[in-house]
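So the protein lines, in turn, are chains Z and C. The opening residue of the first sequence carries number 810 in our numbering; numbering runs sequentially from there. The opening residue of the second sequence carries number 910 in our numbering; numbering runs sequentially from there.
Hints listed in this document are in silico derivations from the structure and should not be mistaken for laboratory results. Backbone N, C-alpha and C fix where the C-beta goes; we use that ideal spot for every residue, glycine too. Fair warning: there could be bad hints in the mix.
What the hints assert, rightly or not - Over the 12 angstroms line for every Cβ pair with chain Z, so calculated as not near, a few chain C residues:
hint: 1; residue: Gln-944
hint: 2; residue: Trp-1225
hint: 3; residue: Asp-1275
To be verified - Footprint (simulated), chain Z over chain C, 3 or more residues, beta carbon under 8 angstroms:
hint: 4; stretch: 916-923
hint: 5; stretch: 1018-1024
hint: 6; stretch: 1247-1253
hint: 7; stretch: 1262-1269
To be verified - If you only want the chain Z side, here are some residues facing chain C, beta carbon under 7 angstroms, derived:
hint: 8; residue: Phe-825
hint: 9; residue: Gln-847
hint: 10; residue: Leu-913
hint: 11; residue: Leu-920
hint: 12; residue: Leu-936
hint: 13; residue: Gly-946
hint: 14; residue: Arg-949
hint: 15; residue: Thr-951
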Amino acid sequence: MRGGGGQFEDFVANRFPALFRYAYVLTGNQHDAEDLVQEALTRTGVAWGRVRRKDDPEGYVRTTMARIMANRWRRPRLEHLVEGVPEHAADDPEIDRVHEMDGLDAALAALPPRMRAVLVLRYFEQLSEEETARVLGCSRGTVKSQASRALAKLRASMLPQEAEQALMEDRRGRS
Amino acid sequence: MEDLERLVAGRLRALDDAAPSAEAPPALLARVGHQVKARRRRRRITQSAAGLSLAAAVAVVAPPLLDSGDPSPTDPSVLAASEPADRRSGSALPSSPRPGAAGGLPRDLPSGKVLNAFGITSDGAVLGTGVGPRGRSDGVLWRADVSGLLTVPAPVAEPEGMYGASGSRNMTIWAQREGGGYQLMCRSGEGEPVRLGAGGIARRGGAAFHADRDVAVWTDKADGTVWAAHGCDAEPERLASGYAAGFAYPHAYVLSTDGRGRPTGEVQRVQVETGARQTRELPRGHLSPDALYAAGSGTFSVASGRTLTVYDTETWQAREVPEPLPRGEKAALTAGDGLVVYTAQNRDADRALVYETGSGQARVRDGEAYAKGEWLLTREGEAYRLTSTP
């Protein structure tokens, strides 16, 4: 695996844990993260002659992972994610918040890969819309619409229907 | 940042302490090593085949073709490499590279799909869209410019649908699906896409829009009029009534049409700067709805049936190419300064006829090919290859 100067193995050995963590943030599960980091490292290894001349091979791998993720077709899942706990045990704000987070995590996990990649770049990496578009190789408009649709899905998942209706009525009452 | 966005950032950060399973790293790294080796080997084989194929093409079809690029053995890096081919790999291709002569362009795209070229611009930029193994497009219009060598393809637009693209140094135009038809869009540099014309594009067998030297020429579907725009933001100017069959700056070739949009047999050669025009006649056989047209430097070509006819635009003398055109489910006709190229596309294999106007030699080769300006783009295995003609 000594390609183009022989530092690829060293790079992988040193940076694998961090790269895996990023893959995990992008995918949200162990198996997909391992697949993703493997494919990104393979592409990097093939291109190592060029990548090593750049200052930022880790940035190259991260960008590759984001692009692979963003362009991955939604695959059928083996597991069925539960969107939330079936019933509330008590009228406790803290427990409600836990449930809310469960719903958010499940909704995040259920997002199409491209939407999730956009959210990771925008809110985890704190990139601007333009920077996100550059990383993903798409237009700014696509980033904007994907982020907006993703947030709408997440918002819907966090608000039980009744609460959402109450919120709407409350807004109507105030306007 | 809104509350929800903060929450999302927090939930994503909470995932940032994951560790791979204990057995993952060694096994995974071994797989990476194996795949890197395999993919490098596959690329070397592909590129060796491409080099041999092009060497033959250079010898038979276009002896004066220059080539200064050589795909790097590993990756899209070819795009960034700057050493001449003969120094890097001992290529059998002609040496004497010169600035501006490009090399190979691997088809892999950042989207994970592979580049399917629509064609090239007169400045050698490659335009195309990404297509997956099942024929699904990534919906992106990609452009790889020539900057010494071909640059990494960059996205230009992501329309809902499109059927082709053209362009020049500072302009990319494409036909974007809108409603039941296609609207011509234009983007210059980093600017936002703008619409050219209002009535959609009329099309016959080939593309109904063309670009050269940052001038776009197209046929407006609504009124059957050919328009020209000097840049994306300029006010379009009406050139003539009819159908824009070809454009090689400064001349647009317009098929005159009757009131029902049928060609009359007359072709107008219109100078886009001055509006000066000459009228020539085309035989009936060159007016079929399936006929393809292309304008090059000093030539206007017609592919009809299995025959390619090349007109000298000064004398209007016609030369019929004896080699029959290859058969295909779809076809494209392009012309450059000294070449006319017909590509027949098939599900299993593409074939191209490359005709050199100077010598009158023609050769049929495997794979698609496109000519424009001084450039010839050929498909060589899993890569495209751009060569310049003097």
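Status of the hints after comparison with the structure:
no. : hint      : in the structure
1   : Gln-944   : violated, 4 angstroms
2   : Trp-1225  : holds, 45 angstroms
3   : Asp-1275  : holds, 26 angstroms
4   : 916-923   : holds (count 6)
5   : 1018-1024 : holds (count 5)
6   : 1247-1253 : violated (count 0)
7   : 1262-1269 : violated (count 0)
8   : Phe-825   : holds, 6 angstroms
9   : Gln-847   : holds, 5 angstroms
10  : Leu-913   : holds, 6 angstroms
11  : Leu-920   : violated, 10 angstroms
12  : Leu-936   : violated, 12 angstroms
13  : Gly-946   : holds, 4 angstroms
14  : Arg-949   : violated, 9 angstroms
15  : Thr-951   : holds, 6 angstroms
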